[in-house]
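> Letter by letter, the chains look like this.
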Amino acid sequence: MTLIEQARPIFEGILGPLPDYGRETSPFDVERWDSVAHVNLLLEIETAFDVRFKAEDLGKVQSVGAICDAVEEMAAQSKARAAAPSPAQEGKITV
Amino acid sequence: MFEGTIGEALLAVASRHADRPALTAKGQTLSYRELFERALGIANGLEALGLRRGDRVAFLTQRTTAAYTSPLGILLAGCAYVPLNPRFPAERNRLILQSSEARALIVDAACAAALATMLGELDPDVAVVAPEEGTIAGFDGRVRLDAARVAPLPLDSGCRAIGGPSGDTAYIMFTSGTTGAPKGVPISHANVASYLGAMSQIFSLSTADRVLQAVDMTFDLSVHDMFFTWLQGAALYSLPENATILVPRIIEEQAITACHLVPSAAAQAAQRGLLRPGAMPSLRITILGGEALPYSVARDWCEAAPNTRLFNLYGPTEGTVYIASFEFTADCPTNYPVVPIGLPLHGEHIEACDVDGAPLPTGETGELYLAGPQMTAGYWRAPHLDAEKFVTLRGRRWYRTGDLGRFVEPYGFIFAGRADRQVKIRGYRVELQEIEGALRTACARREVAVIAWPINDGGTADGCVAFVADLELDVEATLSRCRRLLPPYMTPDRIVLVDAIPLNQNGKTDYKALLSHPALSSSKAARPVHKSEPAA
Chain V
877 MTLIEQARPI FEGILGPLPD YGRETSPFDV ERWDSVAHVN LLLEIETAFD VRFKAEDLGK
937 VQSVGAICDA VEEMAAQSKA RAAAPSPAQE GKITV
Chain Z
3 MFEGTIGEAL LAVASRHADR PALTAKGQTL SYRELFERAL GIANGLEALG LRRGDRVAFL
63 TQRTTAAYTS PLGILLAGCA YVPLNPRFPA ERNRLILQSS EARALIVDAA CAAALATMLG
123 ELDPDVAVVA PEEGTIAGFD GRVRLDAARV APLPLDSGCR AIGGPSGDTA YIMFTSGTTG
183 APKGVPISHA NVASYLGAMS QIFSLSTADR VLQAVDMTFD LSVHDMFFTW LQGAALYSLP
243 ENATILVPRI IEEQAITACH LVPSAAAQAA QRGLLRPGAM PSLRITILGG EALPYSVARD
303 WCEAAPNTRL FNLYGPTEGT VYIASFEFTA DCPTNYPVVP IGLPLHGEHI EACDVDGAPL
363 PTGETGELYL AGPQMTAGYW RAPHLDAEKF VTLRGRRWYR TGDLGRFVEP YGFIFAGRAD
423 RQVKIRGYRV ELQEIEGALR TACARREVAV IAWPINDGGT ADGCVAFVAD LELDVEATLS
483 RCRRLLPPYM TPDRIVLVDA IPLNQNGKTD YKALLSHPAL SSSKAARPVH KSEPAA
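Chains V and Z supply the protein sequences, listed in that same order.
Residue numbers for the first sequence follow our numbering, beginning at 877 and rising by one.
Residue numbers for the second sequence follow our numbering, beginning at 3 and rising by one.
Excised from the complex, chain V in its bound form (with noise of 0.2 Å):
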């Protein structure tokens, strides 16, 4: 399943049922998707997915796709900063 389908429920949760529901999905095609609709759903988006948006990037972020896009990001950039070797690992840190 990919990221657009799993975010489906999330989007219809708040802004109701979406037919046309794809990557272009954005607030000009859905009328309930005003300005608070849309922190909304970020912030859901962040608590199912454990990412963080920073509260600049709001305005960014402005279709199903584009979200998508920056959680993908998100968490890809997580993940690396997982796998790379910690400081500590690297000998940086004595105790």
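Please keep in mind that the hints were generated in silico from the structure rather than gathered at the bench.
Computed from a prediction, not measured in an experiment: that's the story for all the values here.
A portion of the hints provided could be inaccurate.
[Unchecked claim] Reference excerpt, derived from the structure (chain Z facing chain V, CB under 7 Å, subset only): (1) I247; (2) L248; (3) I252.
A virtual CB, placed ideally from N, CA and C, is assigned to each residue, including glycine.
Using the hints, position chain Z against chain V.
For chain Z alone, coordinates are given in the frame of chain V:
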């Protein structure tokens, strides 16, 4: 804090701190030099346009740097600023523009492109000023001043600030009115100087402070944010649009040191789980004001911001932002319904009075009367309102707030609700009669009633519900027409159709009966769907 006009005082500060950051808005940071050079350019343009001291100039901008350079430029030109709001319906903006008799309107690029939607038909006598590049298209040659003619002027090119009498009007703020139209409250430079001077005795800022500016310019809390911050050389950070719920996160990410919010905004952040203990360590000053402050909100906020001093401030627009202050601390008394509003600011007077205006003894609840140098000289073009709301007693001119309160030693005043039907909906001051007036227009029925609902701790409301005596009414069409007449926070969350509006023994609308109407407890009405955020 200063004598003379706001513009003169600010220019002196700008010269001292020219290269320090003054403002960040929509990702753009301006130094004091850049901010005031832009404002001087606007002032110069307004003067070239023939505007004179005391003229009103409106502005309609998004939360960009133009939202700040516009009022500054207007003040530096010796004129009074009148804020409009792109989130208001066109009809409301048009009414404010018309009532204020503004001679010019400043628009930013975004609002210029959507002026017809935001303002409707523009009076041809109002000169349009478009300071940003690329805002001329669509105006059919009606722009009287474009970017080239309001180009920034060097700070040292000669002070354009008009050092007129401090009694001149600095701004006119329009608030909800009982007659169905917003009413204007003119505030003078002297009023603002008194307020800022009194506030500086409560706490001060330094050039190292980063202050969050959260409310729109149509809310007078913005007066405090701009002028208190800039007069002390601190930096203002403008909250991005629609990000009110995320204030705690922005404070954390931007290392904000001082912020100013309505309690509804803090409560919503808490509800969304954003007030984690210790989440805002940088914050050292918090003002929560504009509506009653529940203890739970104050406690949650202090837990999330362990290094902050928290002030609960109280005051109506007529008294220049705030007139009383109470500092919330861990040992604050909790045996009152809400956090006390405290004692009057320096030089101001508050009394709880009986129906004849006589002061009541300590502990007795009455209407709060206010007096002092922060009080407006009177409403804009509304002598009937002046006669109703201002009264001279005991050698002072008092403003009758309509708020109820009592004095309690040693904490000062405790807010106890309203004597009339004014309410606070998510921090916004709302006269329910204004909503009823708009509703009558929208549905062409006389028998209507509006109540604030649901009511939260502290007596503030999340929204409002309308009742119309017509079982056949087209509800959706009526709501749609209401949206064109009222800002989102005043538009009813729903309309309940009834046989008749209940009346009390005196033959007046029985609002208490409506508050227990069964429709309000149905699942559909259990929670309104918010169409707007808290004021901040």
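> Against each hint, give a clear statement of whether it holds in the structure.
For each hint, the structure was consulted:
no.: 1; hint: I247; verdict: holds, 5 Å
no.: 2; hint: L248; verdict: holds, 5 Å
no.: 3; hint: I252; verdict: holds, 4 Å
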